[in-house]
Structure formats: C-alpha cells, structure tokens
Amino acid sequence: MFQIEFDNDKIVGIDLGTTNSLVAWMNLTRPEVLPIVPSIVSLTPTAEIVVGEKARQELIDHPDRTIYSVKRLMGRGIADVQEELKLFPFQIANDSESIIRVLLGEKTFTPPEISAFILRQLKQDAEAALGQPVKKAVITVPAYFNDAQRQATRDAGRIAGLEVLRLVNEPTAAALAYGLDKRQEGIIAVYDMGGGTFDISILKLHDGIFEVLATNGDTHLGGDDIDNRLLRIALEDLQSEWGEDVALIGEAVQTLRQEVIRAKESLSFLPVAHIDFAWHRKRYHREITRELFENLIKDIVDRTLGPCRNCMKDANVTPEQIDEVVLVGGSTRIPLVRSAVEVLFRAKPHTELNPDEVVALGAAVQAGILAGTVENQLLLDVTPLSLGIEISGGVVSRIIHRNSTIPASASETFTTGVDGQTNVLIHVVQGERELAKDCRSLLRFDLKDIAPMPAGMPRIEVRFLIDANGILNVTASDARTGKEQSIDVQPSYGLTLEQTEAMIDAAIEHGEEDLQAAQVALARVDADAILLAIDKAKRNDAWVELTDADREQIDNAIRQLQTVYHADDHHAIRDAIDVLNDATHKLAENMMNTAVSGALKGTKL
Amino acid sequence: MNYFEFLDLPRNLDLDAKDLEKRFYALSRQLHPDLHSRKSPAEREQAEESTAVLNDAYRTLRDPIARAEYLLKLEGFDIGEQTTKDVPPELLEEVFELNMAIEEADEDQLESARARFEGMRMELDGELQQAFGKWDATHNREALTAVRGLLNRRKYITNLITKAHVPDRI
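Keeping their order, the protein sequence lines are chains X and V. According to our numbering, the first sequence is numbered sequentially starting from 1. According to our numbering, the second sequence is numbered sequentially starting from 1001.
By construction, these hints were calculated from the structure, which means they are not laboratory data. Positions of the beta carbon are idealized from the N, C-alpha and C atoms, including for glycine. Check each hint, because a few of them may be wrong.
[Claimed, not checked] Pairs of lysine-lysine residues, derived as BS3-like cross-links and limited to a Cα-Cα distance of at most 27 Å, are as follows:
id, chain 1, residue 1, chain 2, residue 2
1, X, 313, V, 1163
2, V, 1039, X, 135
3, V, 1134, V, 1073
4, V, 1134, X, 313
5, V, 1073, X, 204
6, V, 1018, X, 313
7, X, 136, V, 1039
[To be verified] Sample of chain X residues at the chain V side, in silico, Cβ under 7 Å:
id, residue
8, 161
9, 163
10, 164
11, 378
[Unchecked claim] DEER-style ranges, computed between Cβ atoms:
id, chain 1, residue 1, chain 2, residue 2, range
12, V, 1038, X, 446, 30 to 38 Å
13, X, 376, V, 1123, 43 to 51 Å
14, V, 1041, X, 46, 39 to 47 Å
15, X, 432, V, 1155, 14 to 22 Å
16, V, 1041, X, 548, 56 to 64 Å
17, X, 394, V, 1064, 51 to 59 Å
18, V, 1108, X, 93, 52 to 60 Å
19, V, 1002, X, 376, 28 to 36 Å
20, X, 592, V, 1038, 45 to 53 Å
21, V, 1002, X, 372, 31 to 39 Å
22, V, 1123, X, 85, 50 to 58 Å
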C-alpha cells in the first residue's frame, strides 16, 4: 500500500541552443525551467565527458578537447562550414565527408553525438529534479532549419535516449510561452536572435490557435558573429601592441573570447565597458563605449532586417497590422537590436520573460499540449523553405512552397525515358533558387524494380509529406496497381538510419554509469515516499494496535533503509525498501481496518 | 475525397474567406497530430496524413486562382498547356513593345509597361469574378470554359508583369 506510481509519460521541453541549453516542463498549469546549461562539451584527459559549466573551464584548460557552438555544424557537410572553420576552433577529422566528425582530443564525434551529450545532461538534470525517469521530449529548432538540420537534431535526441515527440520552431515556442492567447485575436511578430541563428516569424492568433503565417531567417547570424567581430579587433590590437599573434594559441583565444563576451554583455546596460586581458605577464586593456560598439555591430543588426521585411511580405501584413512583438534570444538584450526592432515594426517589444528562457518555457507548453494537459491551444506551423525536385537542365520544379502549413504534402508521377528502364533516380532539394545546384541538396532516391516496359509507360506516384516536425517523408507506389514501390533513400548530409541506430546502441553502452546514477536517484525518491508514509502512519491508531515486536521490526527496517540511503547502490536501497514494505504489512492491514471501522461508526444502523 | 468535399463545401468558385478559415480551424482542432500524440502509431500516422490533406485543401481553396485551377482539373479540363489562342492580338503587340523595352533596358518604358499590364490584370480579375458567379449559379460547363480562357490570359499577363519588373536597385 505504500508503493507509489510514476507518471511515466512526463514530457519535457528542451531548448537545445547554440550557446546555452535548457530543460523545462509543465508543473500543473505553469511551465517550470531548470537553470541554464552552457552548450559546451569536453572530453577530459581521463576520458570523461563533461557538459555545461564544468566544460567551460575545460575550454580554457583543454581547448583541443572542448567544443562549443556545435549547433552550427548540425546537419551540415564539410563544404558548408568552411566559413565557420575560419572563426571557430572546431577541429574537424580528415575523414569527414557528408558527415562532419569533430575531434575532441584523440576521439572523434559527429555533431549529433555531441548534442546528445548536452541532451543527456539535461535529461539527467530533469530526472533528478522531478524524481522520475524522463524518456520523452519536445526539442526546439530554429524556424529556418532545413530538413538535414532537423533530422540531425532528432538523431541527437534519440542518441541521448529520448523519444523526440515533436520538433518545435523556436519563435513559435516563444509565442506559446508568452501566453499571448489570452488575447483573442491578433498578429504577432517574434524576433529571435540567439547565439548562432536568427529567426523571424509572424503569427496569427485566433482563440488559442497559433497559426504561423510566414517565417524567415538566417541560420548563420547571431551573437557569435558579434563576439567574433570584437575578438578580431582585440586580436589586431594585440598584434600591434605586443607584436605577437596569439590567434593560434587556443587557450589565449578562449580567455580573450570570454573577456569580450563579458564586455559585450555589460554594454547592454552600461555606457562603457572594458576588455582586460593578461597573458604571459603582458596586459591588454581597451575601453569600448556603447557608441563604438554600436558602430561595430550595426551591419550585423541590419542583416536581420531583410528577412523581417521578406517575412512581412510573405505573411501579407504591414508593420501597422502587427499588434505585438516578442523578443527572444540573448542578443535581443542589446539596446541597438531593440531599437532596430522598434523602428521596423513600429511597436514596443515584449521583454517581460527572460529571453534566454522563453523558448524552453514554450517547449514545455507544447509538451503539455501533446500530453493533453494543456487544452485549447494549438500550433499550426509552416515549412521555412520550398521543396523541389531537379528536372531537366538542372532546373528545380517546386512541389511544396515555403510557408506552407505543415504537415503538407504533394504527389508527383514519374515515368521512364528509355524502353525497359527499371529504375529512376530522383534528386530532392530545398530552397528558393531556380537551379538545383544553388539549392540545398536533401536526398536522392532511387525508384527501383520497375517492371520493364516501353518508355513512358510506367507510372510511379511519389508522395512527399513534410510532417509536423518539418521533416520530409517519401513514399512511392505504382499508380496503376497501387502496389508499394521500393525506394532507396540516400540523404545528402547527415547520418543514415543505420548509423543513427549504431550510435544509439553505443550510447546505451556508454550510458551504463549514467543509468546507474539515475537509478540511485530514483530509488531514493521511492525511499523518501515510503519513509514519509510510515511517518504519517505512526500517528494513526493502527500503529498503537501493533505488537511491540511488530513496531520494533518496522523501526529496524527504517534504520536499515536510512543506513543504505546515501550509498551509491540502488540495489541496496531497493532491498531495504522491500524489507520495510514487508515489515509494514500488518500496519497497512490495521490501517485498512481502522478506516473501515471508522466508516462503520459513522453509519447509522 | 476532393478538397471541396473535405471541407464540406459546394464546388463553387466564389468562397467566403472567413467561412473557409473557420472550417479550417475547426477541422485542425479535430485532426491535428498534436492532439493525437498519445494514440497508436497507426492513428498518429492517420492524423498526420489527414491534416496534410486539410492543409493542402485550405492552401488551394483559399487562393481564388489556385481554387479555379483545381476545380477545372476536377471537372476534367486540361490546364497544363498554356495556349496563345486565348490571348488577344492587341496583347501580342504589347509583348513586342515590351521586348524592345527590355532590350534597350529603358526603365521608364518598362515601368509604364508594367503599370499597363497590371491595369489589364485588374480588369481581367473583374471579368473572372463575373465568370465565377456564372459557374456558381449554373454549374454549367460552358461557364468553366470561359474561366479557363480567362485564367490562361491571366497567366500570360502575370508572366509579362514579372518580365517587365525593374530590378531593385540595392
């Protein structure tokens, strides 16, 4: 009777950010969020993976074993990240082709695996705080993430042992968090400038329905770019003042980077900030006024305005029609960003919620919608990029347009060009450009085992479905017979299904120790529950009715449980709980009887 | 099930946007995968599929031109081929002049050509509206033939407008 049950379906909301990550969940009717975890992962010299604040220190002590901003590499090929490699100290393994492999010391990891380390940390933090296992999650992604970047994020969740129930776009999540549904109708713009990405979304609100009208953005624009700008200036100063180039010394660069970030952050509320940097008994000092800072970053802030205007055009709204503006992401603390937004949308933006937490809070609300605990609210999101197939001449034929509400689908019929041809190769791309080579290659698939027929006779119908996560699913059937057509999909970037499975298996092996810690935490939760229940029972008549021997047996069992409680051995805790449970059978029985006789006493005969 | 049936609407060309939106929201509240996430995988897939159809239907029917093209296809009209037989000769003359203007990159001339074409399209949209009304009142195939002719002309003019677009000076 003292057994307790878990709500095994607890769904958490996770903001897997470029700079920081957070986990949140619905606590009755309000979202609750745990403190920020910096998105930094390090492999210590003793081969231990550390994440968050602990890894931040490693960034200085062991920069070659530590990585930050890995989100910039998610779902990307080596050719895509040449620009990033100039600015970020990513160490890419030589065998990286369609999947990037990052070196941490002597080991290599793919970006989804590194993100999975962050997710696993968040999962553990949530489990410890909630006192129950966490297996399901909603994870947020930048609205402008393409298919490969979304898949990479979902892979990361699976490698971390999470069932990813939904990928939600970050700006949309933020709109949910603001609970703007209290306003019955209206148009909302969400301006989201994070560490590495920029998103703008325009939503229409209607009685609890959040309908995204359009979204736009830049997956390579954010606070990191501002940091890099300041860092470059400081490095140039050092070069001329000290006659020394420290740009290649990882430790020095990381210390200096943290120093410029500090200066940047204080410029959000002070008119002047200082960069102080000491290295090998040399000292560098520079004063930066807000005016100078604003001149330095103006072009970066201006780069967000084009996507905003395009988004309004696609949503078919004018600035005057926008009722509310919501700011998301740490970079929106910068006064210049705020004033740029105010001028563009002609509205004073909402800043009541912490811009670092708002996305995670919204993810928790979405988790609540999926769990059925949040009622009447519904998100209708869109796909940020058009989907097309390559036709003759390398031209793109568009089949699902950008800003289509998802899930969205399209069907196309394909045939053969040569007599007896048994397969057709199809190239799917994402993007707005006319030529396939200028768009993002998503995947190639081979329609195989077509029955040999004269050219043009076979009719293979291919259905493209962009699901509610914004991820493409392709199925094919013979249009004449309706028979399913075999299809072999090769993603252009990212992991194949087999590779993901292998990583999940490997993660489960490495996860043994994590599992151990989680099981101990969970056993303690059970122990707390039964000790509390017995404490209460001792005030019941049933306790008095026990024999001295019974009472002593229970007290002994309690002491035994208290002894093993702090040992890191969940078996010992579980065993002690079982012993205590057995010892309390009589007590439980007595309590039942007291309850029954109590009830009888109250009944008039 | 076609899009009109899916949204429980008659096969009309003149639809009330507010009413359409209301139907879309109401069906979203029933079908959306977010509201079926605790069901079996088969039911979840069904929710995903039926919501995709709903979204496709709403997207198609909410735009008058896409709606008309969809209805023509449903009624067995071939709309894939663009023919010049629906294009009046005076327009062909305009096209000749436009090509000259593009060749000479005369911005003023392009601008005025574009304004003229936009005027034509507006006039044509008025005619389309009338043709829509005729179909809705009679559901007579002849009315649709007229709609198809107007749509072809409209497509032609829209292409001209795009062509006459003065590139944005950045």
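Hint-by-hint comparison with the structure:
1. About 20 Å separates the Cα atoms of residue 313 (chain X) and residue 1163 (chain V), which keeps this hinted pair within 27 Å; it holds.
2. A distance of roughly 17 Å separates the Cα atoms of residue 1039 (chain V) and residue 135 (chain X); the hinted pair therefore holds under the 27 Å criterion.
3. Restraint check: the Cα-Cα separation between residue 1134 (chain V) and residue 1073 (chain V) comes to about 18 Å, which is no more than 27 Å; the hinted pair holds.
4. Restraint check: the Cα-Cα separation between residue 1134 (chain V) and residue 313 (chain X) comes to about 33 Å, which exceeds 27 Å; the hinted pair is violated.
5. With a C-alpha separation of about 31 Å, the suggested pair residue 1073 (chain V) and residue 204 (chain X) falls outside the 27 Å cut-off, and the hint is violated.
6. Straight-line distance between C-alpha atoms of residue 1018 (chain V) and residue 313 (chain X) comes to about 21 Å, which keeps the hinted pair within the 27 Å bound.
7. A C-alpha spacing of about 15 Å is found between residue 136 (chain X) and residue 1039 (chain V), which places the hinted pair at or below 27 Å, so the restraint holds.
8. Of the supplied interface hints, the one on residue 161 (chain X) is violated, with its beta-carbon coming no nearer than about 19 Å to a beta-carbon of chain V, more than 7 Å.
9. Taking 7 Å as the C-beta cut-off, the interface hint given for residue 163 (chain X) is violated, the closest approach to chain V being about 11 Å.
10. With 7 Å as the threshold, the beta carbon of residue 164 (chain X) stays out of range of chain V, its nearest partner Cβ sitting at about 12 Å, so the hint is violated.
11. For residue 378 (chain X), the suggested interface contact is upheld, since its CB lies about 6 Å from the closest CB of chain V, less than 7 Å.
12. At about 36 Å, the CB distance of residue 1038 (chain V) to residue 446 (chain X) agrees with the hint of 30 to 38 Å.
13. Between residue 376 (chain X) and residue 1123 (chain V) the beta carbon distance is about 46 Å. The supplied range of 43 to 51 Å therefore holds.
14. Residue 1041 (chain V) and residue 46 (chain X) have their C-beta atoms about 43 Å apart, which keeps the hinted 39 to 47 Å range intact.
15. A beta carbon spacing of about 21 Å between residue 432 (chain X) and residue 1155 (chain V) agrees with the range 14 to 22 Å that was offered as a hint.
16. Range check, residue 1041 (chain V) to residue 548 (chain X): about 57 Å between beta-carbon atoms, so the 56 to 64 Å window is met.
17. For the pair residue 394 (chain X) and residue 1064 (chain V), the supplied restraint of 51 to 59 Å is violated, since their beta-carbon distance comes to about 33 Å.
18. In this structure the supplied range 52 to 60 Å holds for residue 1108 (chain V) paired with residue 93 (chain X), their Cβ-Cβ distance being about 58 Å.
19. Our hint of 28 to 36 Å for residue 1002 (chain V) and residue 376 (chain X) holds, since their Cβ atoms are close to 31 Å apart.
20. For the pair residue 592 (chain X) and residue 1038 (chain V), the beta carbons lie near 34 Å from each other, so the given range of 45 to 53 Å is not met.
21. Range check, residue 1002 (chain V) to residue 372 (chain X): about 32 Å between beta-carbon atoms, so the 31 to 39 Å window is met.
22. Taking the beta carbon of each, residue 1123 (chain V) and residue 85 (chain X) are about 56 Å apart, inside 50 to 58 Å as hinted.
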